[in-house]
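Asker: What follows is each chain in one-letter form.
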Amino acid sequence: MNFLATSIESLGAKVVGWFTVAYGMFAFLVQASLLVLHPSTWNLATFDVVIKQVYFTAVQILHVFLAYALVISWLIITIILSTARDFGLTEFASEMTIRTLVLELLPFLTALFIALRSGSAINTEVALMQVNNELDSLAHCKVPPMQFEFLPRLIGGVISVVALSLLAGLLALLIGYLAIYGTNLAGFEPYTRTIAKILDFQILAGLVVKCALFGLAVTLIPVTAGLETPKKLFMVPVSVLRGMMRVFLAIVAIEVVSLALKYI
Amino acid sequence: MNNMHFKVGLFAAASLLLAGAFMVYLLHARGFFEDTFHLQLAAASADGVAPGVPVVFSGIEIGRVTSLGLNDAGGIVIHAEFLERNAKWLKENSTFTLDKPIVGGAKIRVDSPDLAAAALPDDSTMLLLTSDISKEIPVLVERVKAILANVEHMTRKDGEIDATLANLKTMTARMTGEYGVLEGLLGSPEKARQVTDSLENLRALTARLDDLAAKTDQWLYAQDGTAEKVQLMLSDAQSSLKKMDALMANAVEISADVKEGTQDIASLRAEIDDAVRKANALVNEINKKWPFAREPEVTLP
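Here the protein sequences come in this chain order: X and F.
Note that numbering that gives the first Met the number 0 numbers the first sequence so that position 192 is 191, with each residue one more than the last.
Note that numbering that gives the first Met the number 0 numbers the second sequence so that position 22 is 21, with each residue one more than the last.
I should point out that these hints are in silico values taken from the structure, not numbers from a laboratory.
The model shown is predicted, which means the values in this text are computed figures rather than measured ones.
Worth double-checking, as some hints may not be accurate.
[Stated by the list, open to error] In silico SDA-like pairs for lysine to any residue, Cα to Cα no more than 25 Å straight-line:
#  : chain 1 : residue 1 : chain 2 : residue 2
1  : X       : Lys196    : F       : Ala20
2  : X       : Lys261    : F       : Phe31
3  : X       : Lys196    : X       : Ala211
4  : F       : Lys6      : X       : Thr45
5  : X       : Lys196    : F       : Arg63
6  : F       : Lys6      : X       : Ala211
7  : X       : Lys196    : F       : Asn2
8  : X       : Lys51     : F       : Asn2
9  : F       : Lys242    : F       : Asn286
10 : X       : Lys230    : X       : Ser119
11 : X       : Lys196    : F       : Leu82
Could you build the full structure based on these sequences and the hints that come with them?
Answerer: Right, here's the structure in full:
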């Protein structure tokens, strides 16, 4: 009886913990959204920080990212094409390529890429600032951390994931065309038809929203996880670990929900 | 110049440009800059048709079904949309067929036998035919089953084909015997030997017949042969008839004088007629048997 009560109690504590975390994120998001809409936020200084964030998140890694997208796309397209040929379903190969790569796999991998590189860095940085009381000092010096530290990171993350997914998707379309038709221009018409068939505006809007949510997840969750860190230095790795786990779960959840909305 | 700002600016500009170009391309691909061509299809059954089902011409998608519903008379009306550039393949004599393959989704196939025909006007209504392979399969399977049952019956153990093959085997075995194919056809070497013996006899018989024919020839047509004798006999008969002629002439003269004797003469005439008929029959009989060149008719005056 005692054991049952203990397990129920621990379950309750976990649920409360999840709700606290979710509420913290939600409250933070609302605060950030209100700030975005506030005209006084958009001064040159904020803009400058946003540009810096986009530079560190997207531009700095562009060549590595494009090479990575190229290899992944080429591999997957080759596998799909050879399988389609084996089963005599070549007519569906281009459609399959676009659906799996452009709509699902590349945005997902982009989000993972940014999460591993920038998300973890953001989490560590915010946790260290929290432990070292830097955030309080900034606020004291009339430099609100929300406006100059967190919001630019969120905006930079969203812009980066959307832009990188777009570039990777276009690259995959190009590679797909080259893999199916070669450098021959004769395939342009049917390829265009396939693209037009798949990418209606609902799907396209869904794709953009999904990428934006990915961008938000890989920045918002690390920031809130960093802010939760107790003021002890040894808690920083724990905070990063928790933050990255949440980022991963969030990315998978977004992907699953988007698939469910699309196909169910 | 701020290097970082330049790079970010370049990245943003390139991304926006590519995104914009892709949007324009997509708008073009989806026919945003073109008019839409509408078509209504009247169908007996809308089974398998749903919004999004492609309309294909020569295997290439040229349009899609947008909606389907019932009209006031309870008939099914399928609405399809085409881009203006694809509408040129729709002609007034085009046929529309609903294809439901075993693998893959349903599609509406357009066949335009004459591309020079007049183009279909916008918003026109055409008939949708159905070709459903899956409905023909059960019938086909039944027929194949019946055929297979027959084949099975024919090829069963101790069946007709089995027995035929066994017979064929014994026949070919016999064919390898002394009398070859003949033995194979007749069944045993004794019978085959009888046939060859008969053939031998036949040959001897024809030789003898040859002989006989030569003898007959001699007997008939040689000096003092039978044919000559018959000829002599006939000329005798003719001379007798001439004498009879003279006799008749005398009799006619007598009859002119003696009217009372007419009755007797008539009976005499009948007797002569009878004799002549008999002689004629004899000549005919001979004529039937031997081909004489002479006219055999014996005429009475």
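Asker: Give a verdict on every hint.
Answerer: Against the structure, the hints:
no., hint, verdict
1, X:Lys196 <-> F:Ala20, "holds (18 Å)"
2, X:Lys261 <-> F:Phe31, "holds (23 Å)"
3, X:Lys196 <-> X:Ala211, "holds (24 Å)"
4, F:Lys6 <-> X:Thr45, "holds (18 Å)"
5, X:Lys196 <-> F:Arg63, "holds (10 Å)"
6, F:Lys6 <-> X:Ala211, "holds (22 Å)"
7, X:Lys196 <-> F:Asn2, "violated (42 Å)"
8, X:Lys51 <-> F:Asn2, "holds (11 Å)"
9, F:Lys242 <-> F:Asn286, "holds (24 Å)"
10, X:Lys230 <-> X:Ser119, "holds (19 Å)"
11, X:Lys196 <-> F:Leu82, "holds (13 Å)"
Going down the numbered hints, you'll see the structure goes against just number 7.
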